[in-house]
Every structure is written in structure tokens, then in C-alpha cells.
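K.L.:
Fit chains B and C to the supplied structure of chain A, relying on the hints for placement.
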Amino acid sequence: MIDFIQNTVDGVMFGSSYALLAIGFTIVFGVMRRLNLAFGASIMLGAYMGTWLHVHYQVHVLVVAVTTVACTVLVGIYVERLCFHAVRRDAALASMVSSFVIWMQLEEAAIHLLPERTYAFPGLFAAGSYEAGPFLFRTEQTAMLLLAAVMVGALHLLLHRTRFGLALRATSENPLAAAYMGIHRTWTVLCAFVLMSLAGGVAGFAILATDQQITPFFGLWATFKGLIAMMLGGMGSLPGAILGGLLLGVVEAHALWYLGAEYRDLSAFLLLFAMLVSRPGGLLGQRILSREELAFRRV
Amino acid sequence: MLALSGVEKRFGALAALDGIDLAVEIGDVLGIVGPNGSGKTTLLNIVTGVYPPTAGRVAFQDTDITGWAGHRIARLGIARTFQNIRLFPTMTVFDNVWAAQHGRVSGGLFGLLRSRPAAGCGDARRVDEVLEQVGLLGDREVLAKHLPLPARRRLEIARTLAVDARLLLLDEPAGGMTPAETADMARLIHEVVAPGRTCVVIEHKMALIAGVCSRLCVLDFGRKIAEGPPDRVLADPRVRQAYLGGEGEPDA
Amino acid sequence: MDDYVITVLSNIGMISFIGLSAYLLLVTGEISFGQQAYFGLGAYAAGAVTAMFLLPIWVGILVGACVAGGIAMVVGALTLRLSGLYFSISTLAFAEMVRLILLIVHVQVEVEGEMVGPAGAEGFHGIRWMFERDLSLAHFMLLIYGLLALVLIVLLLVERSRLGSVFRMLGSDDLLAEMQGLDTVRYRILAAGVAGVISGIGGALYAHFTTYVEPQFFNVMLGVHALAYGLIGGLGTAFGPFIGVAIDIGFLESVRFIQGYRMIVFGGLAAVLLIFMPRGILDEERVHRLKTLFRRRNHAGAQRR
Chain A
1 MIDFIQNTVD
11 GVMFGSSYAL
21 LAIGFTIVFG
31 VMRRLNLAFG
41 ASIMLGAYMG
51 TWLHVHYQVH
61 VLVVAVTTVA
71 CTVLVGIYVE
81 RLCFHAVRRD
91 AALASMVSSF
101 VIWMQLEEAA
111 IHLLPERTYA
121 FPGLFAAGSY
131 EAGPFLFRTE
141 QTAMLLLAAV
151 MVGALHLLLH
161 RTRFGLALRA
171 TSENPLAAAY
181 MGIHRTWTVL
191 CAFVLMSLAG
201 GVAGFAILAT
211 DQQITPFFGL
221 WATFKGLIAM
231 MLGGMGSLPG
241 AILGGLLLGV
251 VEAHALWYLG
261 AEYRDLSAFL
271 LLFAMLVSRP
281 GGLLGQRILS
291 REELAFRRV
Chain B
1 MLALSGVEKR
11 FGALAALDGI
21 DLAVEIGDVL
31 GIVGPNGSGK
41 TTLLNIVTGV
51 YPPTAGRVAF
61 QDTDITGWAG
71 HRIARLGIAR
81 TFQNIRLFPT
91 MTVFDNVWAA
101 QHGRVSGGLF
111 GLLRSRPAAG
121 CGDARRVDEV
131 LEQVGLLGDR
141 EVLAKHLPLP
151 ARRRLEIART
161 LAVDARLLLL
171 DEPAGGMTPA
181 ETADMARLIH
191 EVVAPGRTCV
201 VIEHKMALIA
211 GVCSRLCVLD
221 FGRKIAEGPP
231 DRVLADPRVR
241 QAYLGGEGEP
251 DA
Chain C
1 MDDYVITVLS
11 NIGMISFIGL
21 SAYLLLVTGE
31 ISFGQQAYFG
41 LGAYAAGAVT
51 AMFLLPIWVG
61 ILVGACVAGG
71 IAMVVGALTL
81 RLSGLYFSIS
91 TLAFAEMVRL
101 ILLIVHVQVE
111 VEGEMVGPAG
121 AEGFHGIRWM
131 FERDLSLAHF
141 MLLIYGLLAL
151 VLIVLLLVER
161 SRLGSVFRML
171 GSDDLLAEMQ
181 GLDTVRYRIL
191 AAGVAGVISG
201 IGGALYAHFT
211 TYVEPQFFNV
221 MLGVHALAYG
231 LIGGLGTAFG
241 PFIGVAIDIG
251 FLESVRFIQG
261 YRMIVFGGLA
271 AVLLIFMPRG
281 ILDEERVHRL
291 KTLFRRRNHA
301 GAQRR
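Protein chains in written order, with my numbering: chain A, 1 to 299; chain B, 1 to 252; chain C, 1 to 305.
Think of the hints as simulated: they come from the structure by calculation, not from any bench. One should not assume that every hint holds.
Stated by the list, open to error - Calculated cross-link-like contacts (lysine to any residue; reagent style SDA-like; alpha-carbon spacing at most 25 Å):
#1 B/K145 - B/E132
#2 C/K291 - B/E129
#3 B/K145 - C/I281
#4 B/K145 - C/I31
#5 C/K291 - B/L137
#6 B/K145 - C/L282
What you are looking at is a predicted structure, and each value in this text was computed from that prediction instead of being measured.
The following block holds chain A by itself, in its conformation from the complex (with noise of 0.2 Å):
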């Protein structure tokens, strides 16, 4: 039982950093309706280019902190650019194509920075651990949790309390009708994208200085694992963005322990597979429109 219980926090723990990773999903696909699907790659090619900085100047902590997060959001206002707003407007199909291509060019672009296999991430403080009765915590997991239920918190003000957030909503319900009460669309989902790539920036970093290293997977893993959070948690939600990452957290955490370390990331995707045959929106997502109810409002 002890087991069961150290092994939930452990996977809330986990899941911490897979809800900051799905945070940045929600923001645009709330606002667009599409799927970025290269922003792992992004984070990661922005952190290459901190780690850079890093290995050939060993600037300091906070300089890799920012350089980070800064690149992050240039390569989102990139990828922006090219696959979202000079695809056509209604074609968000070739857009989640498009960043799918992208994903292997950023990738490979992060990794002539640099070639090596792993290299070393600053961390922002060393690795700690504390207990709680008879449970061990991790002290940057914790304090990732707490980082992303800060974002959470912030990015619900914005929405809701902000007229740029208003803005944001409005695009989200119905870009025409935004459009003719004077939002102007291409600077709203260009927000979107800068504000998905600073949460998914710091996100990076916060993941990153935790695991002390990185790798050439980082893209891929960031991605998938925020991916399937958004997914699970419910798609445009963010509150669901949390709950997907943390459950995603929790069965990765069990699958590892009862099963194996080899059905860790098979437990993700199984878990993915089954939510988006029995229930595609997603726990606390909008109900989605299936094929049938597509062909309904096009009549």
C-alpha cells in the first residue's frame, strides 16, 4: 500500500512536468483549433541553443535561463510563420502537417549545434529531496508542480480578466465574427504562439535543470508527453491540461513499477490510443465533433 501510494506521488511528480508541456499545446490549439506538432522540437532547439552557450562560455545559469526561453519563442514565431499563418486559412490540416515537417528540420538543426549525444544542463539549485511521513518528495518536481499551477493560475487571469485574453476567446469561438469587431487575427494567433513558446520555454528550462542533462530525444519526448496530456486531460482545457499531465504522471509511474521500465512509454501511448477511440475529446475537453456530426453542420 506504502508502495501504491509513494508511487502515485512519484507519478504526480512526473506528471508535473508533462502538464507544463501541455500547457503550451492547449494555448494554441484553445485559440486556433490546430495542433503545433513541432513544438518539442522547438523547446528543444532553443535549449540547444542555451546548452551552447553553456558548454563553449559557461555563462551563468540564468543567462542559459533566458537564452532559452528567448530562442524558444523565436523559433515558435518561426514556425508560426511558415506553417500556420501562410497556410491557407482553412486548411488546418496541411498547418499540422507542415509543423510535423518542420519537427524533423528543427531537430536536425539543434543537432548540428551540438553533435555530441548528451551534454550537460545547469541545474538552478542541487537535487534535494525532503519526506512527509513515510513519503519521499523531490524538491524541483515539487516545485515544478507548483510552477505549472502558477502558469495555470496566471494564463486563466489573462484569459479571463485581460481584453487581450477576451480577444484570444473571441478568436477561439468564431475568427469571422472576431475579425469584424476589430481583432485583428494574424496578431492575436501570433500572442497565441509567443505565449504558447514562453510556457513551453520555461517549461524546457524547468524540465531540463531538473534532469541536469540533454539529449537529442528531447524533442520527440516533449512533444509526445505534452501531446498526450493535452489529449488526455482534454483538448483547449486548461485545467485538463494539468489533469492529463498528472494522470499521465501516475500511469507511467505505476506501469513502471508493476510492469517495467520498458512499459513506461507503452502505457502513454496505449492510454492515448484507447481515450481517442472511446472518448476523443478528452476528460474535461469540449465535446468533439466526429464524422458524422461534421458532415451534419455542413449541410
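P.N.:
Chains B and C in isolation, oriented as in the chain A frame:
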């Protein structure tokens, strides 16, 4: 031939159709008229199985088809056109009409493996015949997306003719057309489509309705408010109230 | 031809199968990120048939194709309700599931004093059918291109048939297809199955060409490439994927200046192409124009004679 009894369709709280009873006999050309949002297209969608009714029954030739999938209903011999024209835009005019026959090909999958026929042989002859009837034979190899609007509407009609449907449902065949084009369309329906066929025509334009339909049915807010021969129905004060806001003559 | 050239050409041939598979689904309006799964399943199944059960290679290819096609149909039926990006992500999830399961599967039998079979992350070694028969790489390349030609001819015939037009109807407007009496569910599952078979054949050949397969090869990047080949070449004709393959491997791989940066150039190229030609170089409209041009030429030529 087609019988609707107590058909009701709700979208949330809105009743798009509210207890419709309607019968179409063999050889009828029934016109359905009514203001925008009165439920005309919803009625066609229910008959063709785009979605099931909330309540009520639909029967075709004494078979209960309520809630059947669209393709099964189509195979019984019901063909339709669409208010907002639906064609396969990147297929040629010929292919669009030829494609309409796929659902009726016998021999299952193997029947579908036969190649596209050369001009003048087999199935192609029937397609060309139909294209000739609607006056599109000259545009046989043009992509559907390159056709002007009246030609697209004629292509939709050609598609229904090619399958020798028992019941034709035409949804605003003159929608978006000029008076001259509307007159052409009325002539096409009257001379080519209607003879020997059973049709249901949804239309706003009296010019088309008056020249084509043998019977009229008027819908308003999802209810049937009148039915009968065109001249009598159009003279009905309730119809004038609903349709014209109670004043003026129906425009011609 | 030296072995290097033969290897490159054989790789082009084998990768074309998965490109064709992605193309077929694109034509029916579905974007699959997961055709690499069927490539992998075909490779493992065919490898097992020849290396573990010592059956001839044509049985291996047949079994590989059937296993891939069968599983593709099951997945197609499960994901039928999904459309658009939900469908795409479900294919991605399935492909990763397959790859991770293959990393776990550990089934070996003793063949002539050696353990042969899938060994988890170490992959599946010893698929030596080709070497045991003293066949050269060139011979095997002929087999690859023979089968590729066969698949292409079948696809081209299907495109000319009613079935091919049914597939295009699904991709263009599935409600209209349904209204014309087509059971769209059936044809969607059929298309998924055929695409799985094509990918599976490619995988079966791949396993025998390289003599070993490992799950890592069937990762997302293979899926990106397959999809990009289908899209770049264009959705108007089954020749399309070959244009994609030719641009990627034939051109970029061979230009020394680009070599190390192939993914960067190819990724950018694909993204830019999606902006200007969202349905590829040879899309339906251009194919139609070419056909008209060709027919007019022929016509004029016949009249002159």
C-alpha cells in the same frame, strides 16, 4: 410512394420540424415552399438519411426507412441535389456523373474494379446521354470547379438522372440564378426531369414553382400550414400571411 | 553497378512502398502519421516466416502483407469515428505503440544451433534468406523493383476504375459519396487495409535486404518522410510519391553540398511547398491539364495521319 408521418426534428430546444405528415404519390411533382428556416432542407435531410428524425416515421414504397444510413436509402432509388451545390470539384463533368452510378453497380467490390469506359461504350453511353439532356455534353472533360453556377446546378441534376432514381429531391434548383437562368431551369425540369418521374422540389422562386409543380406544400416554423394545387394554396390567406407578411401578390 | 549504388537504389525502392501507402490514404482524405507501423509489422512477420520457420520468401512477403493489412483494417475500424487531426494523432499513437511493443517482444527459436527471432531492443537478426541462396544484392534489387512495379500497376489500374474514383470521392466529400449510395465505412476500412498491405510488402523486402531489423528504424521520422513523399509528389496520380522520393533521396542525398543538412533542406522544402501547392506538385488539377494536353496532341497526330 413516400410517406412521412408525425416527423419531428429538434436541434436542442429548437424544433426544426414539428409533426409533419406528407405523402408523395407516383408521378407527383410536389413543391415545398416556405420562408427561410421553415425546415424545408431539414425535411430532405431526414428523407435521405443525413440524420435521423427525433420522432415520427418515414416510409418509402411501403418500407420503413426511418433512421437508415444514407447509402442504403440512396440505393433504394432516392437521389437528391443540394442547396449549396455539392460536386466533386477536382473531377471532370463526365466523372461526376459516372461517379453517381458507383453506389448502384452490381457485383460488389469486383463490379467496382472495372475500368472507366471509353467514350461511346457501355456505361459511358448512358452518362453522355444524360449530359446531352442537360446540355453539358460540350463540357464533358471540364473540371467541375471550373463550371459557372447554372451549369453546376445542371450537373447536379444530371447526376440524379444518371441513376434512374425513382424519387428525385431537388433542393432550390434555381438558387442564386438570374430570372433568365431560372426560366431555363424551369424548362429543363418541366421537359426533361419531371416527365415519368416523381419529384420533390424545394424552391423560393414562384416562377419555377408555378411552371413545374402539380401540388404544393407550405411549411412555416416547422409546421405544414397548407397543401394542395398551386393556385389554391397560393391564394390561401394563411400562406400569404406566412410567406409574404400578409401583403402583396406573390411575385412571378 | 557497385554495391553502394545498388543499396541506395534498393532503399529508394523500399521507401517508395511506404510513400505509396501514405499516398493512398491521403487520396481518401486521411492523413496518417503511422504507416511506418505496418512497414515494421510486415518486416517482422516476413522475417519470422523465412528465418524462424524456414519457409520460402514469397510466403514471407505474403504473410507480411496480410499481417500488416489485417491489422491496418482493425485499426481503421477502430478509428473510423475520428476525423481530421484526431485520426492523425491516433495513427501516430498506434505506430508508437507498435514500435514499443516490438521493443519488448522476445520470441526466439533454435535454428541450426542458433537462436533466431525478435529479441526486443536488440532487434531481429539473422534473416539471411538472400545469402543462404547466394543471391546478390542486384538480384534482390530486381525483386524489389519488380514488386514495386506490380504494386504501381495495380494502383494505376485501380485509379482508372470505379473503385479509384470511390476513393477520391471519400477524400473530396464523404457525405456526398454516402448520398450516392456508397457505404463509406466499408471503403474506408478497405483503403486502410490496402495501404497497410502496400506498406507491409515494403517492410517484408526491407527485412530481407538488410538481414536484420530493429524497432528503432520504424520511428516517427520514417512516418514524416512517408507522408512528405505522398504530399510533395501530389495527390493527382500514383506516380506522385516517386517524385517525392526522387527529390529527397535522389537529389538531396546526391548533392554533396547539402548532404549533412538534408533534413533541414527537405523539411523546409516540404513546408514551403505546402503553402503554394497544398495538394502537391502533381495535384488533380495539373494531372487533368496534362491529360488534356496529351489527348489533344494524340488527337492532332491522328488527324495529320
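K.L.:
So, for every hint listed, does it hold in this structure?
P.N.:
Here's how the hints hold up against the structure:
no. : hint            : in the structure
1   : B/K145 - B/E132 : holds, 20 Å
2   : C/K291 - B/E129 : holds, 23 Å
3   : B/K145 - C/I281 : holds, 19 Å
4   : B/K145 - C/I31  : holds, 24 Å
5   : C/K291 - B/L137 : holds, 19 Å
6   : B/K145 - C/L282 : holds, 17 Å
Hint compliance for this structure: every hint is met.
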